[in-house]
Each structure stands twice: as C-alpha cells, then as structure tokens.
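Each chain, letter by letter, is given below.
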Amino acid sequence: GALVYQYPRRTICKSGTSMRMECQAVGFQATSVAWYRQSPQKTFELIALSTVNSAIKYEQNFTQEKFPISHPNLSFSSMTVLNAYLEDRGLYLCGARDGGPYEQYFGPGTRLTVL
Amino acid sequence: GEQVEQRPPHLSVREGDSAVIICTYTDPNSYYFFWYKQEPGAGLQLLMKVFSSTEINEGQGFTVLLNKKDKQLSLNLTAAHPGDSAVYFCAVTLSYQGGRALIFGTGTTVSVSP
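Protein sequences, first through last, are from chains A and B. What the first sequence shows, in our numbering, is residues 5 to 119, in sequence order. What the second sequence shows, in our numbering, is residues 121 to 234, in sequence order.
No lab work stands behind these hints, which were simulated from the structure alone. Ideal placement from N, C-alpha and C gives every residue a C-beta, glycine not left out. The reader is advised that the hints may include incorrect statements.
[As the list claims (entries may be wrong)] With beta-carbon atoms standing in for the labels, derived distance ranges: (1) A:S43 <-> B:E159: 17 to 23 Å; (2) B:E122 <-> A:S58: 15 to 21 Å; (3) B:E125 <-> A:Q64: 14 to 20 Å.
Please put together the full structure from these sequences, using the hints given.
In structure tokens:
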C-alpha cells in the first residue's frame, strides 16, 4: 500500500534557530508533495506545493526564504523552517500524490515546538 | 481563491444521536472532496473521498452528501459513539501546476458522550 513517513515526529527548537523535516513516500511515486501547517486551534494551511519538473509554488504568507523545500526525487521531500519563532509552532503535514486523480496520502506530521 | 467554510466549530452529542457537519465552498470548479478525522495528537485519517459525479456516499457509520448546486458538502455521523470524538475536516481540491493541493475547512470538534 501507499504510505508516507515523516521525520521527526516531534521536535523542539530554540527561537531563532532552524529545523528540517522530512517526508518519505513508500509504495508509490510522489509526483507532487504539498506541505501544510496546522497552528494551535487552527485548520491546515497550505504552505507550498511541489510538483516534479515544475517550480515550487508557495501560498500567500509563506515564502521560499522562510520555508525552503527540496523535492529531489519521487520518494522524498524535505522542508526547513528557517529562523523559527513562536508563530511557527504547530503540526506540519506532508501530503503526497502519485499523479492519479485521487486523494493525497498524508504522513503523521512533524510537531514543532519553539521555545 | 477557494474558500471553505465549515460549521459548526463545535458539536456535542450523546451516544446514539446523529451529528451533521456542513462545509460550503466557493469555487464551482472544485471537483474532489474529502472528509478527514483527526484524533488528539494524531495526523489525518481519510474517512471518504467524494467525486463531483457522485452525490451520496455511505461509509461505516456515516453518510456524505454533495450538493453542487449550493456548493455544500456534508458529513452525517449516524448513531454516534464515543470513538467518533475527534476533529473533523472537510477538504477540497484545486488543480494548478499539474498537481493538486487541498484547501481545508476550519474543522469541527465533535464530542460524543455516553
């Protein structure tokens, strides 16, 4: 079956530092990967969508300078939160698709705490 | 862009009662719709995916209705039980750049008491 793993599951970083999170697709080819953030008490906001052989598209309020994303192959993507502050706390989900018309496969998320 | 409004934000029901959550979307070109369940401290569990050609879908313990005319998607939990207590999110796909990302509703916290 199709599975998505995310590492780490939980992480704590000091304010002003950076942390990198990874997303691994198993059992299918992740032709597109979307990164989302769920801030405390809020819904899931789309950060950016990365599609193989296309430029990464960032949503309003999210920039490549703050959330650089790498999608080097059809099974792996990573995103870094640079210079993290309190407002960056939350659960970061990656959702990967295999090019078919159906749903994204979600990982369990990386929960970021900023001290 | 697409906006997805979800209501109510909170829902408390007794075991055995039904509960209805409604999402209203704005983009008439939206064509794939999803319901997810998030239990405390966990990620997202897909409950059902609905395509624009299908209006009524039944799952285990719930029914999903799609009303394209009014641009509404609803989730009806039938005979709720305590295991249904969670946050529920609807989501709608948009298509751009060849990929598809989801636009999520604002979430509904459902509490089912014995």
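Quiz prompt | Broken hints, by number | solution = none
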